[in-house]
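Sequence order for the protein chains is A and B. Heads up: the first sequence is residues 4 to 621, going by this note's numbering. Heads up: the second sequence is residues 21 to 415, going by this note's numbering.
Heads up, a few of these hints could be off.
[To be verified] To be clear about the criterion: a stretch of chain A counts as covered by chain B if any three or more of its residues have a C-beta under 8 Å from a C-beta of chain B, and this derived list gives those stretches:
no. : region
1   : 41–50
2   : 95–103
3   : 238–250
[Said to hold, decoys possible] Going by beta-carbon spacing under 10 Å, a handful of chain B positions derived as facing chain A:
no. : residue
4   : Val178
5   : Glu195
6   : Glu271
7   : Leu273
8   : Glu298
9   : Phe334
10  : Leu353
11  : Thr378
Hints are computed from structural coordinates only; laboratory data are not their basis. The beta-carbon is built from N, C-alpha and C at its ideal position, and this holds for glycine as well.
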Amino acid sequence: MTTQVAVDIDGRRVTIPAGTTALDAADAAGVRIPTLCHHPDLRDVGSCRLCMVEVEGQAGLQAACTYPVTADLRLRTDSPRVVDARRGVLELLMGEHPDRCPECVRTGECELQALATEYGVGPAPARVSRPLQLVDLLGPAVTVDLDACIGCLRCVRTCAELQDLGILGVVGRGSSTAVSTYLGLPLAEVSCIACGQCINRCPTGALRPVDRTAELFAALADPTKHVVIQTAPAPRAAIGEEFGFEPGTPLTWQLNTALRRLGFDRVFDTSFAADLTVIEEGAELLVRLYENLVLGSSTHPLPLLTSCSPGWVTDLEHRDPDHLAHLSSCRSPQQMFGSLIKTWYAQQEGRDPADIVSVSLMPCTAKKFEATRPELTHDGRPDVDMALTTRELAAMMRARGIGLADVPASDFDDPFGTASGSGVIFGVTGGVMESALRTVIELVTGRPAEDYFSHADITPVRGFEGVRSIEVTLDRVGPVPPILAHLLPNLEWLRGTTLRCAVAHGTANAHAVMEDLRAGGRFSTYHFIEVMACPGGCLGGGGQPVPTSATVRAARARSIYAEDARYGQTGRARKSHENPAVLRLYRDLLTDGPGGPTSHRLLHTTYTGRGTYVGATR
Amino acid sequence: MTVRTPMTLSAVEAGAGLRAALSRPPAEVVDQMVASGMRGRGGAGFPTGLKWRLAAEADAPDGRRYVVCNADEGEPGTFKDRVLLAKHADLVLEGMTIAGYAIGAREGLLYLRAEYVYLRDSLLDSLRERREQGLLGREVAPGFDFDIRVHMGAGAYVCGEESALLESLEGRRGEPRDRPPYPVVRGLHGAPTVVNNVETFAWATAVLARGPEWFASIGTHRSTGPKLLSVSGDVARPGVYEFPLGVPIAEVLRAAGGTDAKAVVVGGAAGSCVPASEFGRTVSYEDVATGGAFIVLGPDRDLIDVAENVAEFFADESCGQCAPCRLGTVALLDGVRRLRAGNCTPDDVARLRRLGATMRLTSKCGLGQSSPNVFLSLLEHFPADMRVPVGTGGE
């Protein structure tokens, strides 16, 4: 039983468990203490020294974020001494910060800017110059501008501890202390997976996505270009935050209108391609089960690992190339869609693919890297020309005076139409698993998924536990459905089989699963594992609005699940294999069925073992 | 480095302290240290007996505790630990063993300053001999195993700060930890750990050998025992001196031949600058504390040189972790240079004082907190040397 202690903070009293930090105690008492290096997702290190408070009976000040309250005491967070100390620290931080806020992507959302404004600290009267820091512009996804770095080390903790990657570290000491990659190599040459979690937690503009919006504005203004955009579900659940809406405000249909106002010629739903992924990956799972359980072949081993998350795919290529055979050969929904747009859609519309600019709205910075993969091109042109993050699109809309309040709703464009509810929940951790299970259960048993899970809500895979497991026993089997008839002779061998599935989000959790798998632990006996590189899945992606926290991510998840539920209530399909547009595509284009040669050419891919020391071994 | 005064430690019989310790229960050894009134010889002056008691009584989940000897003697102007390690290593190692017995540790680590690598072989020889004599290793006493390893530092000043030293010992960047928890509760590998200065361990051996009353009879009520001072700078006879704590600064200067000094930097770069008018003050925890550095500045010194030298030192040696130290040390150096160039307005001087106050109040560890000390004391006592514009002498 934890002891409770009573704390008096600026006259407000609160009772908290002993060991709570002074910062959390103040939060509980409703007292706000300014912070920069603190982040709710990260271990506190007390390096910015802004959250200094007076502890009664102590001569000096204490950093609230790291000071544990172990006995009844009084704290002052607003005394002149405290305020002066904070201002002193802010003067130092501003004294070396580049004086170019108006042109910075973070202006208005920068935590340093906000605090400097609050404390009335401008650029230093006597600026202390420091050598110009390297700007890493070589990466396809993440830009590092150390000039704007304030040394809070949130990125380092995010990379090393939250994500278990350790791409960013600290080198040098004194005034030459700097965040650095291994040997100071560009991000493109180390095993960075471009997840962008560091960007999401950077308080300033020192880390930002590679920005190609100027190019996009030019394309939108060019009458010879046919500019289309696909929007993923996670950005739709979050973009409202950029326009003053509460986290989790669903704005999918308003965003469609806004995108047309911005000049896009067509607006498509990435969830359509997610539905396609469910069919292809579901078929791949059943074929692998047949090969491994019936034919005794482990060429395509189990468990099958999902491949929707480009950060995760790159991570596996770098860290664990020996396990690439576990990875589904399915392209991510973005890339399936990109491939269809530059081929089938171009043909249907009678357009030269060279005149189509294919844009995607993604929650993700790794999608930028994915779009540059050489294996995801046709005739030397990328299938997806530009992957735009949620924050970038919001900035573009603001630049054109387009908001989301009082914007009428409108639907997605044909010929892809809309998606199923399953395609929508791809935006949240566990969503791919839930969607795939809905479809696999129905295709195998011939019974509705609702017979197995109330409302077909597969709740065991929902939530934010780092790794979640589910077992589904296929107590009955039906005849082979027509869509799988070319792949399997019958389904009898699956009767009574218990599918063991797991979901992991955040690469730290993924690494734990892979370590267990390598060691022959329980996950080596699993059949299907969903992995998303980012905490929370796509809704917590590196391109999503800041700030991020567990609370914000939970709100976005609620919005996504609500959209799925609404699909059911309004008569739209909730299961990928019931999406009429997807079924039409198999009738008209993918005529040799899931996993067939056409699918493989357009919707599947291959992977590259990369190893860890990319640049050093050049 | 010449030893200028007879050293009490030279007369302490090797082995007597450890025998005395092992002849009584560990708690009584702690009691002896408490009774001696000894405070840490590294400069911070934390009561040694209390530190040992806290470590002995702290909860050790896996039963492990550690004794760490801070031999990262990096404070500018300090060299007395070097003499101890060269000439009295046995007393230091014996003190570590006594501490190990007192707190229930099985392992001791001696963190040796990188520049002292030439002492490593002789230390390893001493350790080998002590093992051969049964003074280290298995069954030093019934049920008491204890051994010591030497761990080399890598040249960072901040690793003399005890929590940064522990980080370095664990193989990470030498950066100070948040405190609380203090090392006595969660130190090396999360276990209760006593970190003491080289000289502290040597005197602990003497305390056990001669009794706490003897030690407490020397010095002042609040600063007991003798203290080694490293006297350097503008004196006729630089070297290591032993004085009882409470000795007036003037007396040290007389002994070393530097009575015409303009000022003395007591405590090194992290200490403070005492002007001639205050030479009646004493070297003691209650007055002018020092880990041993005593840098004498003669009448012809331009003290802004001292200010710049110290500021450069800290700008270079800040570990870079916390903002006020990483940025403040650079801003302070910049300020000193602008003062020298005559480019400071009265407002700028006021800003530099506030900067110093911010660094003292907000820096994470002792390095940053003490880094403006010399600058601020020079500004206060030697405004002319510091080129403070006329009319801004006070606040």
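Which of the listed hints are broken here? The structure breaks hints 3, 6, 7 and 8; every other hint is satisfied.
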